[in-house]
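Colleague: Each chain is listed here by its residues.
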Amino acid sequence: MQIIESFNPLKDEMIKVLNEHGEIVRPELVPNWDDKKLREIYELMIFIQTFDKKLISLQRQGRCGTYVSVEGQEACQIGSTTVLEKTDLLFPSFRESGVAYVHGVPLEKICLYWMGNEWGSNFEANVAPVSIPVGSQAIHAVGYAWANKLQKKSAITVSYFGDGGTSTGDFYEAMNFAGVFKVPTILFCQNNQWAISTPRSKQSATKTLAQKAIAAGIPGIQVDGNDIFAVAAVMAEAADRARKGLGATFIEAVTYRLANHTTSDDSTKYRDPKEVEKMRPFNPVLRYKLFLQKKKLWTEDFEKELTEKAEAAVKIAVEKAEKTPPPEPNEMFDYVFEKPTQTLEDEKQSLLNFLKNS
Amino acid sequence: MAFEFKFPDVGEGIHEGEIVHWRVKVGDTVKEDQPLVEVETAKAIVELPSPKAGTVLAIFGKEGDNIKVGVTLVLIGEKGEKATLTSQLVENQKGPEQASPGVIGRIPTEEKGVVLPSRKPETSAAKAASAPVLPATRKLAADLKVDLTKISGTGAGGQITEEDVRKNSNQFHFEKYGTVENLPLHGVRKAIAEHMVKSKSEIPHVTHMDELDASALVKLRESKKAEAAKKGIKLTYLPFIIKAAIESLKKHPGLNAFFDGAGNQIVYKKYYNIAIAVDTPEGLMLPVIKDADKKDIFEIAKEIVDLAAKCRDRKIDLKDLQGGSFSITNIGSVGGIMATPIISYGQTANLGLYRIKEKPIAIDGKVEIRPILSLTITYDHRVVDGAEGARFMNDLMAELLK
Amino acid sequence: MALITIAEALNLALRQEMEHDSRVMILGEDVGVDGGVFRITDGLIKKFGENRVVDTPLAEAGIVGSAVGLAMAGMRPIAEIQFDGFVYPAFDQLINHAARMRTRSRGKFTCPIVVRFPYSGGVRALEHHSESMEALYIHTPGLKVVCPSTPYDAKGLMISAIRDPDPVIFMEPKRLYRSLKEDVPEEEYLIPLGKARVMIEGSDVTVIGWGSMVPVMLKAQSALAQENISLEVIDLRTLSPLDTETILASVQKTGRAVIVQEAPQTCGLASEISMIIMEHALFNLKAPVVRVSGFDVIPPLLKTEDFNIPNEKRLIAGIRKTLIS
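Protein chains in written order, with my numbering: chain A, 1 to 358; chain Z, 1 to 402; chain Y, 1 to 325.
I should point out that these hints are in silico values taken from the structure, not numbers from a laboratory. Note that beta-carbon positions come from the ideal geometry of N, C-alpha and C, so glycine has one too. Among these hints, one or two may not hold up.
Claimed, not checked - Derived DSS-like pairs: lysine-lysine, alpha-carbon spacing no greater than 27 Å straight-line:
id, chain 1, residue 1, chain 2, residue 2
1, Z, LYS231, Z, LYS270
2, A, LYS296, A, LYS16
3, Z, LYS139, Y, LYS47
4, Z, LYS79, A, LYS315
5, A, LYS356, Y, LYS321
6, Z, LYS145, Y, LYS286
7, Y, LYS219, A, LYS356
Stated by the list, open to error - Derived Cβ-Cβ restraints for the label pairs, each shown as a range:
id, chain 1, residue 1, chain 2, residue 2, range
8, A, PRO199, Z, ASN66, 32 to 42 Å
9, Z, GLU181, A, ASN357, 48 to 58 Å
10, Z, PRO117, A, ALA147, 50 to 60 Å
11, Z, PRO117, Y, ARG23, 32 to 42 Å
12, Z, PRO117, A, LYS274, 32 to 42 Å
13, Z, GLU181, Y, SER230, 35 to 45 Å
14, Y, ARG23, A, GLY169, 49 to 59 Å
15, A, GLY169, Y, GLU50, 21 to 31 Å
16, A, GLY169, Y, LYS108, 24 to 34 Å
17, Y, GLU186, A, GLN349, 14 to 24 Å
18, Y, SER230, Z, ASP279, 56 to 66 Å
To be verified - Not close to chain A: a few residues of chain Y, all C-beta gaps over 12 Å, as computed:
id, residue
19, MET1
20, ALA2
21, ARG15
22, MET72
23, ARG100
24, ARG102
25, VAL123
26, GLU201
27, LYS219
28, PHE307
29, ILE324
Only chain A is shown next, with the shape it has when bound in the complex (with noise of 0.2 Å):
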């Protein structure tokens, strides 16, 4: 069912498929999943579930740097990446392990990126490395995929940002770019409502993040991120569209952030815990499980493995990342160029010599 061309981001509805309830409102968009694949959707989503809150506790007793939650946009992450080819290149921005995680990064390299190893982002996955500057990535997946154009490939790209990323120069630029030139990519916004304590309302004065595609003449949809259907859907038609050289489409997926904004932030501070609260009914893992519950594919047998499974998996994982020994010295030189330079190899003998004899 096409619904991305139609979509008027100045007056419809998100789209909804999947409600709070875990009811199928919107029957014709649900995607083609048996229930094998379904029962992985939520194996997936406990996963996350339960490497986020490690890596969160990791920080806590100090043996990794800071972490950045995923929790609430569960569906984002693994409904925008599960309908994609293995091929496809993203680029994420810093809240996105659930993406990466799902399109093939092994979760020990996650660890180690959050430790602070550079060795963290260096993979096979088709995952780029993260870019902090919310939204400065976004031109790199439009450009990479004009690239794909010229070179007739048929790899798309999907670069991700937050609601404040879309208040970038660097992010509408992009845009533009991706209309000027039809590139086959998607820009995926996972509008949370809160950028660090910036809420929404003080990001843009727009009634949607989506109308900003008309700027840029692509089109732009916005869609309940909480909802995996719906997320899966309109992925996968933008993906298509994309394949079939139709070009660039922006996804606004509504969510919300349950986290702090890292492990740093108190958003006690700037956000009403009730709020929280009140929001967190909505969650997409909830309303998958009550869906999951209703098709009689969940039993809490099923839920406690899935948790055993999990733990044991992320156990491992971050035994292995730990292990890892530190990146030697001599390693900050050796990356800057293909060759290093002259001055490079001096400063790094000079550096040996002083950790030899110190």
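Fit chains Z and Y to the given chain A structure using the hints.
Modeller: The following block gives chains Z and Y in isolation, referenced to the frame of chain A:
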């Protein structure tokens, strides 16, 4: 070994907190990530999860206690293990590691080992600059072991010059004994000094001395005088001696050579460029008569006069001072019976000429007054042995007797 | 007088200056309700309202650019950029406009803005949160660059920066925000821009640094004092314009200079200072000037960042080089 769980950096600008509620007690079994205690910080109540599974051996602090980040809160170990309070544990209660707010990382709340100096009123105090010294001069001072702080500079702005350093490097302080006058070294004098030291220290000098009945030479010169005058040339004995010397050099090439230690060879020169010592107000100069073997007496005589004049007038060309293969020092024009001249570096011999004096000598058993010419030949004993040197002199004198 | 941190001193300076001058306003991400991610602007929105302490959308170019416009119209904006690594999108506004407005219009329009941000590393942070690129700002004609290292200096310099008629880049060493305490007067005082501070007088070696490197210098000073090596420690405080008089007077006295910076070595401020010393104090030098610097590398992530940032051991090694006569 029991595991110590310390109040960690929770990354929210926290460096201390208050224990609100213990979620475990001693003896409890805990799982990894299970909440151990609730701590209230300035911001919120934080649940602290356990990094390890095990049995709670000991807990530190009561509800309501104020604790600092880094203090040990719980000891987790094996069931039945003793909870030994090590001194390390007690030390840790001081809680050094602290945290600070921020969206990132760990902002320390203590800069260990740093004491900010107290503030003095900010004035632009005039500082005592040290005397300026050129880096090269500084090195010279170091080499000569001169303390720059103890000498005053005579250069612009009090700059300590090279001269200042050298002056102060002298072990002797002659002024102690009386008045002295210092002449700075430069130019010819400086060059001569350096040349002499090099020659004398490297070349083993031997001087062979002899006397000649110069009657024949005197007659020869007399006979050529008129002809020379016609050519406008002043004729001395020197041109004759040069000619005679060349004849002897042909037989004894070692005195027209150079000992090349670096090249491990002796260089025999096949040309005869005779350097003659000229005394000038600035000092000794050695202009060279090139290819003297190819010139006649008169040419040589003229060249001698010309070169000497150029030297005295400081108009001599550098090329006229170079290329000598043999030197003649005519000190006789000034005085003395004999001396031991120094070989010019680059050569192997130096012929000394002295004043022809009327002296009584024995001829056929009778005493007769004859003009006696003293000669010395100083040679490089690495190239010329004693006998050879003597033979050169013999052959030279034989020439002069003709 | 109160014993406070740099963070508190800055907060105090901002509060007092906003009381003193109604044109002064603060804008940036999370500066209002959240009080800034380092709490530097904590409590200010409550006191001065959301028209003077403004939470902006996420857009650095927008923040600095609108500050330029606000300043041109007579306001005195203090733009906060959340982290050093996020200033770059605002470079167009800083270099092409803020720095040039006065020249371009021959004084008809001026740009009295302060752009302040936490800089430097050693805090185990994510990428782009540990930059020391002061050289880029110093090298830009039309910008002044200030970098306090102590609470007392932070307050005095902030007020001077706000009152300065030209754009001032105010770099705050984030590692030191809360780790040093000093007596800071409640009443107003100014520290003029362009004046370095001789923190400790000494006779053997002049050690020059700023910001995050000041505690490193102080640690080296006390360690070497045990060996009877007397260091003269200079905190630059203002990076541009440079207090060459203080630097040269000191080097002419001691004859030895070591400059320590967290920034990458090539074309860092240490190089400029070395040249100034060479030009005006060569004949007083007993040894070549030594730079102890970060390397010409991308700041490593937390696992290896300590190898790049100069510590007192590296500084002491550099100082010893000048003492080999």
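Colleague: Does each hint fit the structure? Answer for all of them.
Modeller: Verification of the hints:
1. LYS231(Z) with LYS270(Z): The given pair, whose Cα atoms are some 30 Å apart, is violated under the 27 Å limit.
2. LYS296(A) with LYS16(A): It holds: about 22 Å lies between the C-alpha atoms, which stays within 27 Å.
3. LYS139(Z) with LYS47(Y): violated (65 Å)
4. LYS79(Z) with LYS315(A): holds (23 Å)
5. LYS356(A) with LYS321(Y): Roughly 17 Å separates the two Cα atoms, so the pair holds.
6. LYS145(Z) with LYS286(Y): holds (15 Å)
7. LYS219(Y) with LYS356(A): Holds, at about 22 Å.
8. PRO199(A) with ASN66(Z): 32 to 42 Å: Holds, at about 35 Å.
9. GLU181(Z) with ASN357(A): 48 to 58 Å: Holds, at about 55 Å.
10. PRO117(Z) with ALA147(A): 50 to 60 Å: holds (58 Å)
11. PRO117(Z) with ARG23(Y): 32 to 42 Å: Holds, since PRO117(Z) and ARG23(Y) (Cβ atoms, about 36 Å apart) stay within the stated range.
12. PRO117(Z) with LYS274(A): 32 to 42 Å: Distance hint for PRO117(Z), LYS274(A) is violated at roughly 50 Å.
13. GLU181(Z) with SER230(Y): 35 to 45 Å: holds (44 Å)
14. ARG23(Y) with GLY169(A): 49 to 59 Å: violated (27 Å)
15. GLY169(A) with GLU50(Y): 21 to 31 Å: Since the Cβ atoms of GLY169(A) and GLU50(Y) sit about 24 Å apart, the hinted range of 21 to 31 Å holds.
16. GLY169(A) with LYS108(Y): 24 to 34 Å: For GLY169(A) and LYS108(Y) the Cβ distance comes to about 28 Å; the hint holds.
17. GLU186(Y) with GLN349(A): 14 to 24 Å: violated (52 Å)
18. SER230(Y) with ASP279(Z): 56 to 66 Å: Since SER230(Y) and ASP279(Z) have Cβ atoms about 60 Å apart, the given range 56 to 66 Å holds.
19. MET1: At about 29 Å from chain A, MET1(Y) clears the 12 Å cut-off, so the statement holds.
20. ALA2: About 24 Å separates ALA2(Y) from the closest Cβ of chain A, which puts it past 12 Å; holds.
21. ARG15: Given that every Cβ of chain A is farther than 12 Å from that of ARG15(Y), nearest at about 18 Å, it holds.
22. MET72: The claim stands: MET72(Y) keeps its Cβ more than 12 Å from every Cβ of chain A (closest is about 20 Å).
23. ARG100: holds (20 Å)
24. ARG102: Holds: least Cβ distance 25 Å, greater than 12 Å.
25. VAL123: violated (9 Å)
26. GLU201: The assertion about GLU201(Y) holds, with a minimum of 29 Å to chain A.
27. LYS219: Fine: 15 Å to the nearest Cβ keeps LYS219(Y) off the interface.
28. PHE307: violated (4 Å)
29. ILE324: holds (15 Å)
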